[in-house]
Each structure stands twice: as C-alpha cells, then as structure tokens.
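2 protein chains.
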Amino acid sequence: MGREIEVIGFDADDTLWINETYYLETEQEFCRLLAEYRGSSEEISAELFKTETANMELYGYGIKAFTLSLVETALRISNNRVSQATIEKIIRLGKAQLSKPLVLLDDVEQVLSRLSRSFRLIVVTKGDLLDQERKLRKSDLESFFHHIEIMSDKKESDYRKLLRHLDIEPRQFMMVGNSLRSDIIPVLGIGGYAVYVPFHTTWEHETADESSISGPRYRKISRISQVAEIVECGLAASG
Amino acid sequence: MGREIEVIGFDADDTLWINETYYLETEQEFCRLLAEYRGSSEEISAELFKTETANMELYGYGIKAFTLSLVETALRISNNRVSQATIEKIIRLGKAQLSKPLVLLDDVEQVLSRLSRSFRLIVVTKGDLLDQERKLRKSDLESFFHHIEIMSDKKESDYRKLLRHLDIEPRQFMMVGNSLRSDIIPVLGIGGYAVYVPFHTTWEHETADESSISGPRYRKISRISQVAEIVECGLAASG
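Residue numbers (our numbering), protein chains in the order written: chain P, 1 to 239; chain D, 1 to 239.
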C-alpha cells in the first residue's frame, strides 16, 4: 500500500537541481573547440561517449572524470594535434563546471519541507563526494535531510547495502529520481518503491527502456510535488 | 583510561596500505617528462605542489584530482610547449596509478583480526570514493570493518559529524593514522583518542608540527600491532 514507507531517498542531480544541462554546455563548447580536427558535433560527442564508457570502471562518475575524458578524447580525435592552449581551455571548462551556480528544480523546496515532517529523507547520489557535498551546501536543503549517501554506483547490491545500513526493509523504502537505470529499476528489483520524475535531458549512459517497467510499486510523475500526494494517499491506492 | 573506547577508526592510505609511494613514483616520472622544459625535479615538484594546493578546494583529494593538476602544471611550466604526446603520457600515468596493486603494510591483517573481536572497527578515509572502495575490496580486509566512512575532509567538524552518525561520545572513539594533520590533531581536538603511526613518507600537505602534541589521549607508535596493546591495556595506564 505504500503506507509502510519510512525512508524516502532522493537522487540529487537532475532530480533536486540542474546538472545534465551543465554537462551538455561543456560538451557543446568542447565540440566547438575540436571542430577543426573532427567535423561534426555528433562525431565528436560519439567519441567522447566512447572514452567515458571505457573509463567508467576506472574513473567512475563526476566532473573530474569527465574533464579527464575530455582531454583524452581531444588528444585521440586530433591525432595529438590539438593545441596546448585548447587543452588548457578544456581544463578550465571542467573547473568552470565545478563552480556553476546551484539551481533548484521547481517545487523541490516545498515538497521536501512537507515530506520531512512525516518521513526520514535522505539524498542518495553517486559521483564526486566533494562536489556533491558542495552542491548540497549551496542548495540550502541540508536541514530537510537526515543525511547524504554517496555511492560509487547505484546497482541493486548498492541499494541492498544502503537498506542494511538504514536498518529497514525494502518495502519501507521509496526512491525518487530521474534515472530509470540508477534510481528506478534497481530499487524495484530489490522490492522497494520507486517514483520516476523525468528531467528533460538524460545522459546516454543513464537511459533505459521504460516500457518494461510497471507494477504497483512504480509511479511516473511529471512534477516532484506529486511525490507528496503519492505517499500521503498510499502508492498503490492512487496508482 | 581508554577502556571506554568502543569504535576504532583506521585511516587507510599509508596506514593500512601503501599509497604515498605511488604518488611519489608518478611525480618522479612526471619530473623526468618535464625536465627539458624546467630544470630540476625540485623546481617541478614545487610547481606541482603549488597547483595542487590552489586546486584543493575545487578538486579535493585523490588520483583524478592529482592527474588534472599534473596536466595543468605541465602546461604552465612549459609555457604551453609541452608536447601532446607527453600530456597523453601524463593521463596514462594517472590511470596506471589507479590500477596499482594493493600492498598491505606489516601486521595490518593480524591487528585488525584481533581488534575486530572486541571493538567496532571502521575505515575513515578521504579521497576518491570509487578508488577507496576498490582498494578496500582488493585488500581483503572488508570483513574486519563495520563499514567505511569516506569524508571529503578530515577536520574537527567532519569528525564531530562522524561521531554523531555513530551515536557515540568522543571518549568512546579512537583514531589510528599516519597523518598528524588529518588523523591525530582534529581527533584530539574534539576529545577523542589518537594513535599516530608514521609512514616513511608524508605528503607535504599533511605535515604538521609534532612537538606541540601530547596528553594522555595521544600515543605515537612505530608498528600498527602496538594498537592492540594500547587498547587492551588502557591507553593512559600504559602511556
């Protein structure tokens, strides 16, 4: 019924605040810088994605990993002809992205304020520890959350570990996020509740087939404020 | 008396396993690669340290941050004349460092095995989440630890947060580590116990003045196995 939920986990990037938009801006600038060496933005982006995927196991998520992959891609696709000044610019692009303003998504503050009165809320995110802590501080949302869980990945085993740590059963946990692959599918897989709030852009690495996801423990919503209605009325009852 | 200790935190890098040695090896190789642009290794290392210090707030700790600072330093000290092939080599040096074998320090396994029977042991480390988790997995020490705490920094406020999270008082906590600045001084500062096990090399950023540290809650040892004697006999009694 969803009435047994005790802890609600919120993904951070593109669920609470803007993130992917900044990656796309950096990538567009990167494609402009590299245009003289390798034609279209599509080709350059495809090469970048190849590098990121190959580096994922070693580097993991986050802007530092992204910046290193940008430099590596620039060298490879230019056959080492990319200028040193351009590499310097790429390093600066990464730093600029780490310093971007924190922009909350609509209704986030209101829904967290309301839910924090009845549930234990936590941030469940992957990526760079320092960067995520910095964003949470900038967001002024810290007081709504019991704590922040930063995981190196969001697979079923990671969520199982999280629930053991929280000392709760899967049916007492609900996850809210914008990535089917990281926030929804693994949580449903271990028996928890999951609410999908799509963001207008999703990184290719995070995409998944939506059509196969269904069931009484899953909901898709268009505004994060609907999470309050869902948990307060019982997930299944209103589903 | 030290008999009230319930949780023992172990720093990881250069306390449980070799780490700084690998940074020094990468740095030596970096100095060789850059020698044609800027004379002595001492000068190059000083420039690198300057870059790392300037980037610390934005990048934090870990090998990805280090690699980005290496590239930035190479560009700066060569006035952008460093070859693209050398930059490629620097990126590869960083990846090689992330893939280094895990080498445990002497007596670590024995002392953890012994202490884990009577105390809750945790790993308390900063740096890169993915990299630290990977090292802990490689170490085969996971079963001795209740969990791993990865913090973005190790200041007094970070330890206070940790103790709140563990739901214990400072006098119930002892920290063991090789960095006076990160493992010893802040823990003594909040009223906990601290055991200093120096490693043969310490990164300049982590050094501190040892002479000012004393008191019944502090001990310096030369082998990690001595931690067992200290806690089993009472810290103050044997101090």
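Calculated from the structure, these hints are not laboratory results.
Nothing here was measured: the structure is a model prediction, and the numbers come from that model.
A couple of the hints might just be wrong.
As the list claims (entries may be wrong) - With a straight-line cut-off of 27 angstroms between C-alpha atoms, the simulated DSS-like cross-links for lysine-lysine are:
| hint | chain 1 | residue 1 | chain 2 | residue 2 |
| --- | --- | --- | --- | --- |
| 1 | P | K138 | D | K138 |
| 2 | P | K100 | D | K220 |
| 3 | D | K100 | P | K138 |
| 4 | P | K95 | D | K138 |
| 5 | D | K50 | D | K95 |
| 6 | P | K161 | P | K220 |
| 7 | P | K155 | D | K50 |
| 8 | D | K89 | P | K95 |
| 9 | D | K50 | P | K50 |
| 10 | P | K95 | D | K155 |
| 11 | P | K155 | D | K89 |
| 12 | P | K161 | D | K138 |
| 13 | D | K100 | P | K50 |
| 14 | D | K138 | P | K89 |
| 15 | P | K100 | P | K161 |
| 16 | D | K155 | P | K50 |
| 17 | D | K100 | P | K155 |
| 18 | D | K138 | D | K89 |
| 19 | D | K138 | P | K100 |
| 20 | D | K161 | P | K89 |
| 21 | D | K138 | D | K95 |
| 22 | D | K95 | P | K95 |
For each hint, the structure was consulted:
no.: 1; hint: P:K138 x D:K138; verdict: violated (35 angstroms)
no.: 2; hint: P:K100 x D:K220; verdict: violated (43 angstroms)
no.: 3; hint: D:K100 x P:K138; verdict: violated (36 angstroms)
no.: 4; hint: P:K95 x D:K138; verdict: violated (32 angstroms)
no.: 5; hint: D:K50 x D:K95; verdict: holds (22 angstroms)
no.: 6; hint: P:K161 x P:K220; verdict: holds (25 angstroms)
no.: 7; hint: P:K155 x D:K50; verdict: violated (39 angstroms)
no.: 8; hint: D:K89 x P:K95; verdict: holds (22 angstroms)
no.: 9; hint: D:K50 x P:K50; verdict: violated (33 angstroms)
no.: 10; hint: P:K95 x D:K155; verdict: holds (24 angstroms)
no.: 11; hint: P:K155 x D:K89; verdict: violated (33 angstroms)
no.: 12; hint: P:K161 x D:K138; verdict: holds (18 angstroms)
no.: 13; hint: D:K100 x P:K50; verdict: holds (24 angstroms)
no.: 14; hint: D:K138 x P:K89; verdict: violated (37 angstroms)
no.: 15; hint: P:K100 x P:K161; verdict: violated (32 angstroms)
no.: 16; hint: D:K155 x P:K50; verdict: violated (39 angstroms)
no.: 17; hint: D:K100 x P:K155; verdict: holds (25 angstroms)
no.: 18; hint: D:K138 x D:K89; verdict: holds (26 angstroms)
no.: 19; hint: D:K138 x P:K100; verdict: violated (36 angstroms)
no.: 20; hint: D:K161 x P:K89; verdict: violated (38 angstroms)
no.: 21; hint: D:K138 x D:K95; verdict: holds (17 angstroms)
no.: 22; hint: D:K95 x P:K95; verdict: holds (20 angstroms)
Violation of the numbered hints given earlier is confined to hints 1, 2, 3, 4, 7, 9, 11, 14, 15, 16, 19, 20; the remaining hints are satisfied by the structure.
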